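Take the two lone chains and join them into the complex the hints point to.
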Amino acid sequence: AAGVIQSPRHLIKEKRETATLKCYPIPRHDTVYWYQQGPGQDPQFLISFYEKMQSDKGSIPDRFSAQQFSDYHSELNMSSLELGDSALYFCASSSVAGVAEETQYFGPGTRLLVL
Amino acid sequence: DAKTTQPPSMDCAEGRAANLPCNHSTISGNEYVYWYRQIHSQGPQYIIHGLKNNETNEMASLIITEDRKSSTLILPHATLRDTAVYYCIAYTGGFKTIFGAGTRLFVKA
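Protein chains in written order, with the working numbering: chain Z, 1 to 115; chain F, 1 to 109.
Calculated from the structure, these hints are not laboratory results.
Remember, it's a predicted structure, so these values are computed and weren't measured experimentally.
By construction, the Cβ of each residue, glycine as well, lies at the ideal position given by its N, Cα and C atoms.
Among these hints, one or two may not hold up.
Label-pair restraints from in silico Cβ distances [unchecked claim]:
hint, chain 1, residue 1, chain 2, residue 2, range
1, F, Ser41, Z, Arg63, 19 to 27 Å
2, F, Glu66, Z, Ile12, 46 to 54 Å
3, Z, Gln44, F, Ser25, 17 to 25 Å
4, F, Gln45, Z, Leu113, 19 to 27 Å
5, Z, Glu17, F, Asn53, 46 to 54 Å
6, Z, Glu14, F, Thr26, 39 to 47 Å
7, Z, Glu101, F, Ile74, 15 to 23 Å
8, Z, Arg28, F, Ser28, 41 to 49 Å
Excised from the complex, chain F in its bound form (with noise of 0.2 Å):
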């Protein structure tokens, strides 16, 4: 699986739009794009996935950029129980999933 570099912080105005993002360069065409985030101590949890296309579900909206070495998570209208720890993977199959060091967003009123 291809390595993802993600800034290891972030802030965000409760209200405002988070954009996550992610750097994975070395990813290969049959790599899918997964974000995933944990909330203090809980099980991760998945929030939405692409190959190419952007994609957009009740959680986020995740935009790929053409050459796929990276993407950015949409959070719309981050809320103070957005805060968690964000993880990017670049998976690939294989029974099994290996988390970066991923980005802290702390939502702030």
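Chain Z with its partners taken away, still in its complex shape (with noise of 0.2 Å):
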């Protein structure tokens, strides 16, 4: 079955550079969701996307956006890039948004390393 994809896999920058994530759901979902995952600690929550529109935002710093395509996939960008940002950065998708039984599919995530 298809699982969600996300490019690149790893990612070397300098600091104050800039960088793109990119996530290709699932086909027929709709919803995607960011997080970043830093050295030993749990995921965080970034933002969400439903049908192109942003429903929901978590620790997200203002140097980071992101949108979601007519195709549903979705772009992380992140700009002067800090030696915290170097993290996994997952991204997850669902076919059924908002609702409590909402199961969340996700990607193997892109290392970032920034220098």
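Written out as structure tokens, the structure reads:
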């Protein structure tokens, strides 16, 4: 079965540079979530989109922005990168938006290293 | 979403059942109990979920107490590949999922 695709899988950037992470949800999934997981930490919710509109926001820095496109893929844009942005970034998708019984399917993640 | 409490770590012998507890004493009537696991830096993987009835699938069983204040995830025959961090989440929908600390399960040969 098709899964969530994330690209790139690994990314190395310098401080103050910009990075763009991409997420392709499972076909017919219209909701996308982004999570950040620092070393030794649990996944932290960043932002979510439903039908191309932002639906909720977590602890996402102002330097980060995201959007969902007409084909439902999503991009997380990160500017003025800091060393502390080094983390795993996961995308998840679901097909039943916002209800209590909603299973999220996660991608393999993008490992970002900021030097 | 209700806060969940899990033991930080547990051990299990390979081939034995692994029973992972979760306390969610403030769960509301419409919150589902979801379990995910994360195997060493991979994306979290859905395991099972339930509302008030016990559930079973090919991966695990979920036992929810009658008052819904706690639940137990059961891996019937744990293997080394089940070593992972297991997250119990009480979820009411709303486009946002909060992961707690989880239980780190070590399956030993």
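Checked hints:
{"no.": "1", "hint": "Ser41/F - Arg63/Z: 19 to 27 Å", "result": "holds (24 Å)"}
{"no.": "2", "hint": "Glu66/F - Ile12/Z: 46 to 54 Å", "result": "holds (52 Å)"}
{"no.": "3", "hint": "Gln44/Z - Ser25/F: 17 to 25 Å", "result": "holds (24 Å)"}
{"no.": "4", "hint": "Gln45/F - Leu113/Z: 19 to 27 Å", "result": "holds (24 Å)"}
{"no.": "5", "hint": "Glu17/Z - Asn53/F: 46 to 54 Å", "result": "holds (51 Å)"}
{"no.": "6", "hint": "Glu14/Z - Thr26/F: 39 to 47 Å", "result": "holds (45 Å)"}
{"no.": "7", "hint": "Glu101/Z - Ile74/F: 15 to 23 Å", "result": "holds (21 Å)"}
{"no.": "8", "hint": "Arg28/Z - Ser28/F: 41 to 49 Å", "result": "violated (30 Å)"}
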